[in-house]
Amino acid sequence: MAKKPRNRTADYAAYLAVRALLAVAQMATPRVAYAVADGVAWFVYTFVRSRRRVALENVRAAFPELAADPGAADRIVRGMFRHLIRVIVELLWLPRKLHIGNWRKHLALPECDRMLPLMLDERPVLAVTAHFGNWEMIGCALGLFGFRTYAIARVLDNPYIERFVLQFRQYTGQTIIAKKDDFDRLTAAMRAGGKVATLADQDAGERGVFVDFFGRPASTHKAIALMAMEFDAVILVTGTPRVRRADYPQRPDYDPHSPLAAMFYAVKVADVIDPREYANDPNAVRAITARYTAGLERLIRQHPEQYFWLHRRWKHQPAAKKAKPRAA
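Numbering-wise (my numbering), the sequence shown opens with residue 36 and increments by one.
Just so you know, not all the hints are guaranteed correct.
Said to hold, decoys possible - Computed Cβ-Cβ distance ranges for the label pairs, DEER-style:
| id | residue 1 | residue 2 | range |
| --- | --- | --- | --- |
| 1 | Met62 | Gly114 | 23 to 29 Å |
| 2 | Ala296 | Pro252 | 38 to 44 Å |
| 3 | Ala70 | Leu191 | 39 to 45 Å |
| 4 | Leu295 | Lys257 | 18 to 24 Å |
Derived from the structure by calculation, the hints contain no laboratory data.
Heads up, the beta-carbon is just placed ideally off N, CA and C, and yes, glycines get one too.
Construct the complete structure from the given sequences, taking the supplied hints into account.
Here it is as C-alpha cells:
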C-alpha cells in the first residue's frame with residue numbers, strides 16, 4: 036500500500052512552531068524555563084489521563100513491592116513527567132550551554148576508567164542505553180571529546196523537522212545513522228571500529244527474543260547481540276541519569292545556586308559485555324540480550340523516575356504453547 040503523501044504546508048507549520056519553541060527556550064532565563072517546564076509537566080500529568088494511566092500501570096507492574104505504599108507509584112510518575120519535560124528544555128539548550136570549556140559543570144564521568152580503553156581500542160563498540168536520564172547526552176559528550184561516534188535513530192516523518200533535528204544532534208561531531216535505511220552505513224562504521232550508540236528498550240514485536248525486564252518477559256530486538264557477534268563488537272551498557280552535583284567532585288568555580296545547577300548528569304556503566312565470552316554458547320543471542328537488558332534494569336532501578344514509563348514495553352508476550360494431543 037502506497038504511503039499517503041504528506042501535507043507540506045502542515046509540515047512546515049509544525050517546523051516553524053518547533054523553531055519558535057526553541058527561540059523561546061533559548062531566550063528565557065533558566066529559572067523561567069524550568070518553572071514553565073514544571074508547569075507543563077503538572078498539566079500533562081493532571082489532564083492527559085491516558086498517558087498517566089499507562090505509566091502508572093507499568094510502574095506498579097515493575098515494582099510490586101510499592102503496593103504497600105499507595106502513593107509511591109504516583110510519585111514516580113509525577114517525577115517522570117517533571118524530569119522528561121526538563122530534559123526536553125535542556126536538549127534545546129545543549130548547543131549553547133554545553134561545550135568543551137564547561138562540560139564538567141554539567142557532566143560527570145565516574146567510570147571513565149572503564150569507558151576510555153573501549154573508546155581508544157580498535158574494536159567496535161555498541162553503546163547500549165535506554166529511554167532513561169538524558170539519553171542524548173552521551174553522544175553529544177563523546178563528540179565533544181573528539182571521538183568519532185555514531186548514533187542509530189529513527190528518521191522523523193516531518194522532513195523539515197528531521198533536517199533541523201539532524202543538524203542539532205550532530206553539532207558536536209557525532210554521525211546519525213537512520214534506523215531502517217542506512218544498513219550499509221552502519222556495517223561500514225562497525226567494520227571500521229566505530230563507536231555506535233543505540234537505544235535498546237523498545238518492544239520488538241512477536242519476532243523479538245523474550246527476556247526478563249522488571250520481572251516480566253519483554254520482546255527485545257536481536258540485532259544488538261547479532262551485530263556484536265558479527266563484528267566482534269564490545270557492548271557497553273550505559274545510562275546518563277540526572278544526579279546531585281554534591282555527590283561528585285566539584286570544580287572550584289561550581290556555583291550550587293546557579294540556575295543551571297540542575298542540568299547535571301553522570302555517565303554510568305552497568306556492564307561491559309564481550310561477545311567472545313559466548314563463542315561456544317548455542318543460545319548466545321538470548322544470553323547477551325538478557326544480560327544487557329538486566330544491566331539497563333539495574334540503572335533504571337537507581338532512578339526510576341527518570342525512565343520513560345509511557346511506552347508499552349511489554350506489549351507483546353510469548354505465545355502460549357499449544358498442548359500436544361495425547362495419543363488415543
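Hints and how they fare:
1. Met62 x Gly114: 23 to 29 Å: 28 Å, holds
2. Ala296 x Pro252: 38 to 44 Å: Cβ of Ala296 to Cβ of Pro252: about 41 Å, so the range 38 to 44 Å holds.
3. Ala70 x Leu191: 39 to 45 Å: Check failed, 29 Å falls outside 39 to 45 Å.
4. Leu295 x Lys257: 18 to 24 Å: 41 Å Cβ-Cβ, so the 18 to 24 Å window is violated.
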